[in-house]
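Visitor: Listed below are the residues making up each chain.
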Amino acid sequence: MQPIRPVLIAASLLASGSLSAAEVQIAVAGNFTAPMKAIIASFEQDSGHTVKASYGSTGKLYAQIKNGAPFEALLAADQERPQLLEEQGLGVPGSRYTYSIGALVLWSTDANKVEDGAALLKSGDFNKLSIANPKLAPYGDASIETLDSLGLKADVEPKLVMGENIAQAYQFVDTGNADIGFVALSQVMEGGKLIKGSGWIVPGEMHAPISQDALILNRGKDNPAVTELFVYLKGEKAEAIIHDFGYETE
Amino acid sequence: MWLTETDLEAIWLTLRLATVTTLILFVVGTPVAWWLARTRSRWKGPIGAVVALPLVLPPSVLGFYLLVAMGPNGPVGQLTQTLGIGLLPFTFWGLVVASVFYSFPFMVQPVQNAFEGIGDRPLEAAATLRASPLDRFFSVALPLALPGFVTAGILTFAHTVGEFGVVLMIGGNIPGVTRVASVQIYDYVEALEYGNAHRLSAVMLVFSFLVLLALYVWNPGAKKR
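Chains as they are written, first to last, in the working numbering: chain A, -13 to 236; chain B, 304 to 528.
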């Protein structure tokens, strides 16, 4: 009889545990890493659920989801990929919504480098301009659009270096290898102000809005905790965190 | 032609990078391999371990260190700036420096094994014939170790062609300068252009197979010696 008791206790614990607290596995675009970590901590505390998040570029996450990755929801860096997944029947219809709108900033680690970003770009007084690859990252796209609006694309092109995602575009500037770079405001801002260096927030009319969509995937269809997470994301607490990191919401 | 112009540019760049890296490593790696093969110093162990490090280190570690070291505040970056070369990241020569580190063991280890395989006797025999140390090295050791050099050259070349993580971290993805074939494929996959990714990947697959085939066909012949 002795060995049975611990097994029973463990089994009853597991059974009771699964009733109240569930686990959610989600995929999140790299640029949203910092706010998502804060939101998850807050959500876990309030709901008792556990969230396992994988961070990566939207293109890679998309490919993984198409090939059977066990994610229950996707928070993408763009609108295109979630839309494609929804159209292909891999997502829960109607669950897609814009959870954040990113802002672009021309940033340098030098506190005196960037005052008037447009004038600085025009002067050419920098060794390299780091951007995210426009082919892969919405922030890269917005960077090129901004250069286009300023009429400087051709002038600046020889000085462009590209990160495969916005994190790498930031890295090139942060390590000092590029004097300036277009990065996500969320990367250099905390609590409503710049963490270090100097920056110029690109006026919204210079590029198309960087709208980021979220979608519940088929695997998360029957997990109420996923729905709870999405409700939470739209709530006041999450919204405050999202704004704190320099994103807008709809 | 079913490869695009940028694909061809990436392949050409990759081949140039691998060739330059292999040539430099022949010059830099051979003395190190010779020293490791002949020395009885207590430094043999530690130096051998340092040479083998790139085999074990994730490319992300190597790429991260190189990016910081070659940056304006890093030791390498300050040296290159003082010399008037400027900064190495985002340049072809930056990739060459990174590749030399990354492929170092692939050059040194086969050559070292070949030198060790010669043993002392042929060199001692040459010495009794009054061959100078330099003469012994060039007329005895080098020809006897030739199979090791061929293996090392092929491995170094192939390994540099297959390089990805380090290039991704310090390259900056500039067409014709740092966008090598592996990075180009990565871009295609990320951008959902799977057709283009398939075509270039197939080229890489066939190429890698042919290189390794050359290596394995060559090797048995070397062992018969």
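The set of hints was computed from the structure by calculation and includes no laboratory data.
Quick reminder that beta carbons are idealized off the backbone N, C-alpha and C, glycines included.
Do not rely on the hints blindly, as some may be mistaken.
[To be verified] For each label pair, taking beta carbons as the anchor points, the in silico distance ranges come out as:
| # | chain 1 | residue 1 | chain 2 | residue 2 | range |
| --- | --- | --- | --- | --- | --- |
| 1 | B | Pro375 | A | Lys108 | 22 to 30 Å |
| 2 | A | Lys108 | B | His501 | 40 to 48 Å |
| 3 | A | Thr84 | B | Val330 | 55 to 63 Å |
| 4 | A | Asp230 | B | Ser344 | 22 to 30 Å |
| 5 | A | Glu30 | B | Glu308 | 32 to 40 Å |
| 6 | B | Arg502 | A | Asn204 | 28 to 36 Å |
| 7 | A | Gly221 | B | Leu311 | 50 to 58 Å |
| 8 | B | Phe512 | A | Asp111 | 26 to 34 Å |
| 9 | A | Asp111 | B | Gly468 | 49 to 57 Å |
| 10 | A | His229 | B | Gly498 | 47 to 55 Å |
| 11 | A | Ile181 | B | Phe404 | 29 to 37 Å |
| 12 | A | Glu66 | B | His501 | 37 to 45 Å |
| 13 | B | Phe441 | A | Ala97 | 55 to 63 Å |
| 14 | B | Leu311 | A | Ala104 | 33 to 41 Å |
Visitor: Take the hints in turn and mark each one as holding or not.
Guide: A quick look at each hint next to the structure:
{"no.": "1", "hint": "Pro375/B with Lys108/A: 22 to 30 Å", "in the structure": "holds, 23 Å"}
{"no.": "2", "hint": "Lys108/A with His501/B: 40 to 48 Å", "in the structure": "holds, 42 Å"}
{"no.": "3", "hint": "Thr84/A with Val330/B: 55 to 63 Å", "in the structure": "holds, 57 Å"}
{"no.": "4", "hint": "Asp230/A with Ser344/B: 22 to 30 Å", "in the structure": "violated, 58 Å"}
{"no.": "5", "hint": "Glu30/A with Glu308/B: 32 to 40 Å", "in the structure": "violated, 50 Å"}
{"no.": "6", "hint": "Arg502/B with Asn204/A: 28 to 36 Å", "in the structure": "holds, 31 Å"}
{"no.": "7", "hint": "Gly221/A with Leu311/B: 50 to 58 Å", "in the structure": "holds, 52 Å"}
{"no.": "8", "hint": "Phe512/B with Asp111/A: 26 to 34 Å", "in the structure": "violated, 49 Å"}
{"no.": "9", "hint": "Asp111/A with Gly468/B: 49 to 57 Å", "in the structure": "violated, 33 Å"}
{"no.": "10", "hint": "His229/A with Gly498/B: 47 to 55 Å", "in the structure": "violated, 41 Å"}
{"no.": "11", "hint": "Ile181/A with Phe404/B: 29 to 37 Å", "in the structure": "holds, 32 Å"}
{"no.": "12", "hint": "Glu66/A with His501/B: 37 to 45 Å", "in the structure": "violated, 21 Å"}
{"no.": "13", "hint": "Phe441/B with Ala97/A: 55 to 63 Å", "in the structure": "holds, 58 Å"}
{"no.": "14", "hint": "Leu311/B with Ala104/A: 33 to 41 Å", "in the structure": "holds, 37 Å"}
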